[in-house]
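In order, the protein sequences belong to chains A and B. In short: position in the first sequence from 1, add 21, done, that's the numbering used here. In short: position in the second sequence from 1, add 191, done, that's the numbering used here.
Source of the hints: derived by calculation from the structure; they are not laboratory data. Please note: incorrect hints may appear among the correct ones.
Capping the alpha-carbon separation at 27 Å, the derived lysine-lysine pairs in BS3-like fashion look like this [stated by the list, open to error]:
| # | chain 1 | residue 1 | chain 2 | residue 2 |
| --- | --- | --- | --- | --- |
| 1 | A | K91 | A | K72 |
| 2 | B | K248 | A | K127 |
| 3 | B | K274 | B | K200 |
| 4 | B | K261 | B | K248 |
| 5 | B | K262 | B | K248 |
| 6 | B | K274 | B | K248 |
| 7 | B | K262 | B | K200 |
| 8 | A | K127 | B | K274 |
| 9 | A | K127 | B | K200 |
| 10 | A | K91 | B | K248 |
| 11 | B | K261 | B | K200 |
| 12 | B | K262 | B | K205 |
Pulled from the structure, derived: some chain B residues nowhere near chain A, Cβ distances all over 10 Å [as the list claims (entries may be wrong)]:
| # | residue |
| --- | --- |
| 13 | G193 |
| 14 | P199 |
| 15 | L202 |
| 16 | R204 |
| 17 | K205 |
| 18 | V210 |
| 19 | E215 |
| 20 | L218 |
| 21 | E253 |
| 22 | S264 |
| 23 | N275 |
| 24 | T290 |
| 25 | G291 |
Glycine included, each C-beta is placed from N, C-alpha and C at the ideal position.
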Amino acid sequence: GQQLNQSPQSMFIQEGEDVSMNCTSSSIFNTWLWYKQEPGEGPVLLIALYKAGELTSNGRLTAQFGITRKDSFLNISASIPSDVGIYFCAGRMNSGGSNYKLTFGKGTLLTVNP
Amino acid sequence: DGGITQSPKYLFRKEGQNVTLSCEQNLNHDAMYWYRQDPGQGLRLIYYSQIVNDFQKGDIAEGYSVSREKKESFPLTVTSAQKNPTAFYLCASSWEGRTGELFFGEGSRLTVL
Chain A
22 GQQLNQSPQS MFIQEGEDVS MNCTSSSIFN TWLWYKQEPG EGPVLLIALY KAGELTSNGR
82 LTAQFGITRK DSFLNISASI PSDVGIYFCA GRMNSGGSNY KLTFGKGTLL TVNP
Chain B
192 DGGITQSPKY LFRKEGQNVT LSCEQNLNHD AMYWYRQDPG QGLRLIYYSQ IVNDFQKGDI
252 AEGYSVSREK KESFPLTVTS AQKNPTAFYL CASSWEGRTG ELFFGEGSRL TVL
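If we strip away everything but chain B, and leave its shape as in the complex, we get (with noise of 0.2 Å):
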C-alpha cells in the first residue's frame, strides 16, 4: 500500500539534545511538506521541498533542519534552538501539479521533558 510513514510515533526529549523525525513516502510524490500543529491551532508549515537537493523555510523554521537526499525521505531535526519543541509533527507529500492535496502521515508527538 502506498502512503507515508512517519516514525517514531512518540518520541521524550530532554532540554538542549537535537531529535530527527523520519517521514517516507512511497507515493513517488516529488513534494514534501513539514508541518507543526499545537493544541487548538492550525497546521503551521516549517519547512518544504519540491525536489530532491532543494528545500525552503516555511514560516516557522527557526530552530529546525532538513535535508532532501531521495526523493522517498524528508527528514526533521528539531535543534536545541528551538525554544518550544513540544507539538505534534506532521509530514505530508503531493503531486507536483496538485500541491494543495496534501497526503499526510499518521503524526510525531515530541514532548520535551
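One chain only, chain A, in its complex shape (with noise of 0.2 Å):
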C-alpha cells in the first residue's frame, strides 16, 4: 500500500520560531491535508489541499501541495506554546472507493518552549 514519509519525526523549538514539516510519497495523491492531534484526544484538520501547486493559509499555518503531487509541507510561523501537538500528514487518491481511505503520515511532535 501506499507510505507517506512525514519528517521531521520531531521538533523542539522555542516559543516565536518558524516551524517546517513536510511529506512525501512514492505515489500520487490528489488531496493532501494536515490534521493535528493534542494528547488524548483526536485529529483535528488544520488545512485541505485539492490542487497541485495550491498553497493555502489558516491564521500562523501555510500548507503547500506539491507540483508533482508527491508531496506537500505545513508552515507555522511565530509558534506559541499550543502549538504543541502531533501534526499529520494524509493523502487521498480520488477515486472510486480509495475517495474514503486516507494514507497518514506517522506524524512529526511538536514541542515548543516557552
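Make the complex out of the two chains shown on their own, each in a separate frame, by following the hints.
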C-alpha cells in the first residue's frame, strides 16, 4: 500500500520560532490534508489541499500541495505554546473506493518551549 | 453542539473477550470510519461505511467487525480474534463530497490485560 514519509519525527523549538515539516510519497495523491492531534484527543483538520501547486493559509499555518503531487509541506509561523501536539499529513487518491481511504504519515511531534 | 461521541474513553478487557466501542454522530454525515492508532504510528483504517447498511473493510479489518444500522451510529467490535487489540481507537465521519475532511471523536483507549 501507499506510504507517506513524514519528517521530522519530532521538533523542539522556542516560542516565536517558525516551524516547517513535510511529507513525501512514492505515489501520487489528489488531495493532501494536515491534521493536529493533542494528547488524548482525536485529530483536528487544519488545512485541506485539492490542487497541485495550491498554497493555502489558516492563520499562522501555511501548507502547499507539491507540483509533482507526491509531496506537501506545512509551515507554522511565530510558534506559541498551544501549537504543541502531533501533526499528521494525509493523502487521498480520489478514485472509486479510495475516495474514502486516507493514507496517514507517522506524525511530527512538536514541542514549544515558552 | 454537533459532534462525534465515542464511549467508553477507557476500556480494559481480558484476553478472549469481545468488546464493543460506541460511536455516535449528530453531524448528519453519511460516511463514518474507524481508525486504529498505535504509539509513534500513523492512523490505520479498520472499516468505513458510506451509507446505512453498507460498510467496507479498510487496511486492517481482521479481528474487527462493525454494523451501520442507523446513520448516526457506527459501533466497532474488537473480537477475540484480534491478536494485538491494545490501542487507541478513533471514530470519524465526513460529508459525502468531502471524504478526506474527517471529523474525529475523542477516541477510546482499549487495554487488554
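We went through each hint and held it up to the structure:
{"no.": "1", "hint": "K91/A with K72/A", "result": "holds, 12 Å"}
{"no.": "2", "hint": "K248/B with K127/A", "result": "holds, 21 Å"}
{"no.": "3", "hint": "K274/B with K200/B", "result": "holds, 21 Å"}
{"no.": "4", "hint": "K261/B with K248/B", "result": "holds, 18 Å"}
{"no.": "5", "hint": "K262/B with K248/B", "result": "holds, 18 Å"}
{"no.": "6", "hint": "K274/B with K248/B", "result": "holds, 17 Å"}
{"no.": "7", "hint": "K262/B with K200/B", "result": "holds, 22 Å"}
{"no.": "8", "hint": "K127/A with K274/B", "result": "holds, 22 Å"}
{"no.": "9", "hint": "K127/A with K200/B", "result": "holds, 23 Å"}
{"no.": "10", "hint": "K91/A with K248/B", "result": "holds, 26 Å"}
{"no.": "11", "hint": "K261/B with K200/B", "result": "holds, 22 Å"}
{"no.": "12", "hint": "K262/B with K205/B", "result": "violated, 31 Å"}
{"no.": "13", "hint": "G193", "result": "holds, 14 Å"}
{"no.": "14", "hint": "P199", "result": "holds, 14 Å"}
{"no.": "15", "hint": "L202", "result": "holds, 14 Å"}
{"no.": "16", "hint": "R204", "result": "holds, 19 Å"}
{"no.": "17", "hint": "K205", "result": "holds, 24 Å"}
{"no.": "18", "hint": "V210", "result": "holds, 19 Å"}
{"no.": "19", "hint": "E215", "result": "holds, 14 Å"}
{"no.": "20", "hint": "L218", "result": "holds, 13 Å"}
{"no.": "21", "hint": "E253", "result": "holds, 15 Å"}
{"no.": "22", "hint": "S264", "result": "holds, 17 Å"}
{"no.": "23", "hint": "N275", "result": "holds, 18 Å"}
{"no.": "24", "hint": "T290", "result": "violated, 5 Å"}
{"no.": "25", "hint": "G291", "result": "violated, 4 Å"}
Violated hints, in rising order: 12, 24, 25; the structure is consistent with all others.
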